[in-house]
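Peer 1: Protein sequence lines, in the order shown, are assigned to chains A and B.
Going by the numbering used here, the letters in the first sequence line up with residues 1 to 163, in that order.
Going by the numbering used here, the letters in the second sequence line up with residues 1 to 189, in that order.
What the hints contain is simulated information worked out from the structure, not anything from laboratory work.
Please read all numbers here as calculations on a predicted model, not as lab measurements.
Note that the Cβ used here is the ideal one computed from N, Cα and C, for glycine as well.
Among these hints, one or two may not hold up.
Stated by the list, open to error - Listed next, the stretches of chain B that the computed footprint assigns to chain A, with coverage defined by at least 3 CB atoms under 8 Å from CB atoms of chain A: (1) 39-46; (2) 164-171.
To be verified - Here are a few chain A residues that sit away from chain B, every Cβ distance over 12 Å (derived from the structure): (3) Arg29; (4) Val37; (5) Leu56; (6) Pro57; (7) Gly58; (8) Glu60; (9) Leu104; (10) Ala114; (11) His125; (12) Gly149; (13) Ala156; (14) Gly157; (15) Gly161.
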Amino acid sequence: MSGFVHPVRGWDHVAAMVAVGLWGTFLGRPAIWVLPVVFPLVMALGGAAGVIGLPLPGVETGIAISSVVLGALILGKVRMPLWSAAVIVGIFAIFHGYAHGIELPTAANPVSFAVGFVVATGLLHLAGIALGLVTALPRGEVFVRAVGGLITAAGAGFLLGII
Amino acid sequence: MNSIYLLASALSQFGEVRAGYIPADLKVAQVILVIAAGLSIHCLVKAGIRRASVAFCGGVALSSIALLYVGPPYGSSTFVIGFAVVLGVLTAMRFSANTATASIIIFLIGSALTVASVPANGEFPKAMSLMAVNVIAGAGAIICLSRLVVNLNPERAPAWQSIAIRIGGSWIVAISVLVIAVSSQTNFF
Numbered sequence: 001m002s003g004f005v006h007p008v009r010g011w012d013h014v015a016a017m018v019a020v021g022l023w024g025t026f027l028g029r030p031a032i033w034v035l036p037v038v039f040p041l042v043m044a045l046g047g048a049a050g051v052i053g054l055p056l057p058g059v060e061t062g063i064a065i066s067s068v069v070l071g072a073l074i075l076g077k078v079r080m081p082l083w084s085a086a087v088i089v090g091i092f093a094i095f096h097g098y099a100h101g102i103e104l105p106t107a108a109n110p111v112s113f114a115v116g117f118v119v120a121t122g123l124l125h126l127a128g129i130a131l132g133l134v135t136a137l138p139r140g141e142v143f144v145r146a147v148g149g150l151i152t153a154a155g156a157g158f159l160l161g162i163i
Numbered sequence: 001m002n003s004i005y006l007l008a009s010a011l012s013q014f015g016e017v018r019a020g021y022i023p024a025d026l027k028v029a030q031v032i033l034v035i036a037a038g039l040s041i042h043c044l045v046k047a048g049i050r051r052a053s054v055a056f057c058g059g060v061a062l063s064s065i066a067l068l069y070v071g072p073p074y075g076s077s078t079f080v081i082g083f084a085v086v087l088g089v090l091t092a093m094r095f096s097a098n099t100a101t102a103s104i105i106i107f108l109i110g111s112a113l114t115v116a117s118v119p120a121n122g123e124f125p126k127a128m129s130l131m132a133v134n135v136i137a138g139a140g141a142i143i144c145l146s147r148l149v150v151n152l153n154p155e156r157a158p159a160w161q162s163i164a165i166r167i168g169g170s171w172i173v174a175i176s177v178l179v180i181a182v183s184s185q186t187n188f189f
C-alpha cells in the first residue's frame, strides 16, 4: 500500500504523471500508448539506480521541471516527432523512478512497494489519457490546454518551493 | 467471465500449492513469469496449440532432467525474472514471433516455470511430485490468463484494449527490473 500511495501523495509526481498521459492523447496515436509504455520502463531503470545507490543530483528539481516542461508542451500544443517526445518523457522518468527507488529497500515489503508504485504511476497515466479524451468535445482542447497551464504553474510552484 | 473465475481459482491454488514449499524469491519470480507469459499470448500465437504444447512440455521435461542431475542453478529467480522482462518487452512492443521463434519462447517458458517451481525443502526425486504440481498449477494459470487476454483483445477489439495490453506489458518489465535491483542489494525475500 505504501508503494501505491507514494506517487499519489506527492503532487509533483501526480502532476507529471497526468501530464504524460495528457500529452500522449494530445499527440495522438501512437504516442497515446508509447509515452505511457516508455515512462514505466525508463522509470524502472531510474528506480534501479536509486536502489543500487548510484548518485543522481537534483532529483527533486528534475521532478519539478518535468511538470513545468510537460505542462508547457500541453499548453503550447507542441507537436514533435515521436522519438523526441519519448526521449523527453524518458529523461524525466529517470528522476521520478530514482525518487521512488531510494525508498524501495527500506520498505516493509519491497516487492509490494515496487508493484504498488508502478501500478499507481500507470493509473495516473491512464487518468491523464482519460482527461485528454475530452479534446474530442467542443472546447475540449481549450480545457486540456488550460490543464497543461495549471500543471506548468504547479511545477513552477514546486520548483520555487511555494507548494 | 468464466476465464476470470478460472484464472482466479488457478492462481489461488497456485499460491496455496506454493506456500511453504517454494522459496520467497522464486515465488515472486513465478508469479511475474506467469503474468508475463499469459499477457504475451499475441506474440506467440503463430506457434499453434500443438506446437506450443510440445514446446512447453519439452521445456518442462528438459529442465526437470537438468534439475534432477545438476540441481537448481544459482540465481534462478533472477534468471526467471529476467526472462519475464523479455516477455514483457515483447508484449509492450506487440511483437509477433514467427512459428519457430514462438516455439522456442514457449519452450523457454516451460523451462523457466520448472526452474521457478523447485521446492525449498525435500530431496530430488522426492520433491519431483511437489514440483510437478507447481508446474501444472502455473501452466493452468498461464492458460487461463492467455484465454482472458484473447477474450479481452480479439482482432476487432476497441483500441483501448490493445493499449491496455501494451501498458500491462510495460508494467511487468518495470516491476521485474525493480525486483531484480532490490534483490541484488538486499536479502529481502
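Peer 1: All hints, please: hold or fail.
Peer 2: Quick rundown of the hints versus the structure:
1. With 0 residues bearing a CB less than 8 Å from a CB of chain A, the region 39-46 of chain B misses the requirement of three and the coverage assertion fails.
2. Coverage of the region 164-171 of chain B by chain A holds in this model, with 5 residues showing a Cβ closer than 8 Å to a Cβ of that chain against a need of three.
3. Distance check on A:Arg29: its Cβ comes as close as 8 Å (rounded) to a Cβ of chain B, failing to clear the 12 Å threshold; non-interface status is violated.
4. Distance check on A:Val37: its Cβ comes as close as 4 Å (rounded) to a Cβ of chain B, failing to clear the 12 Å threshold; non-interface status is violated.
5. For A:Leu56, the shortest C-beta to C-beta distance to chain B comes to about 14 Å, beyond the 12 Å cut-off, and the non-interface label holds.
6. Interface exclusion of A:Pro57 from chain B stands, the closest Cβ pair being 20 Å apart, more than 12 Å.
7. Listed as outside the interface, A:Gly58 is consistent with that label: its C-beta sits roughly 21 Å from the nearest C-beta of chain B, beyond the 12 Å cut-off.
8. For A:Glu60, the requirement that its beta carbon stay farther than 12 Å from each beta carbon of chain B is met, with the minimum near 20 Å.
9. Not every Cβ of chain B is farther than 12 Å from the Cβ of A:Leu104; the closest lies at roughly 6 Å, contradicting the non-interface assignment.
10. Interface exclusion of A:Ala114 from chain B breaks down, the closest Cβ pair being 4 Å apart, not more than 12 Å.
11. Non-interface status of A:His125 relative to chain B is broken: a Cβ of that chain comes within 12 Å, the nearest being about 7 Å off.
12. Non-interface status of A:Gly149 relative to chain B is upheld: no Cβ of that chain comes within 12 Å, the nearest being about 26 Å off.
13. Every Cβ of chain B is farther than 12 Å from the Cβ of A:Ala156; the closest lies at roughly 29 Å, confirming the non-interface assignment.
14. No Cβ of chain B comes within 12 Å of the Cβ of A:Gly157; the nearest lies about 28 Å off, and the non-interface call holds.
15. The claim that A:Gly161 is not at the interface with chain B holds, since no C-beta of that chain comes within 12 Å of its own (minimum 29 Å).
Hint compliance for this structure: hints 1, 3, 4, 9, 10 and 11 are not met, and every other hint is.
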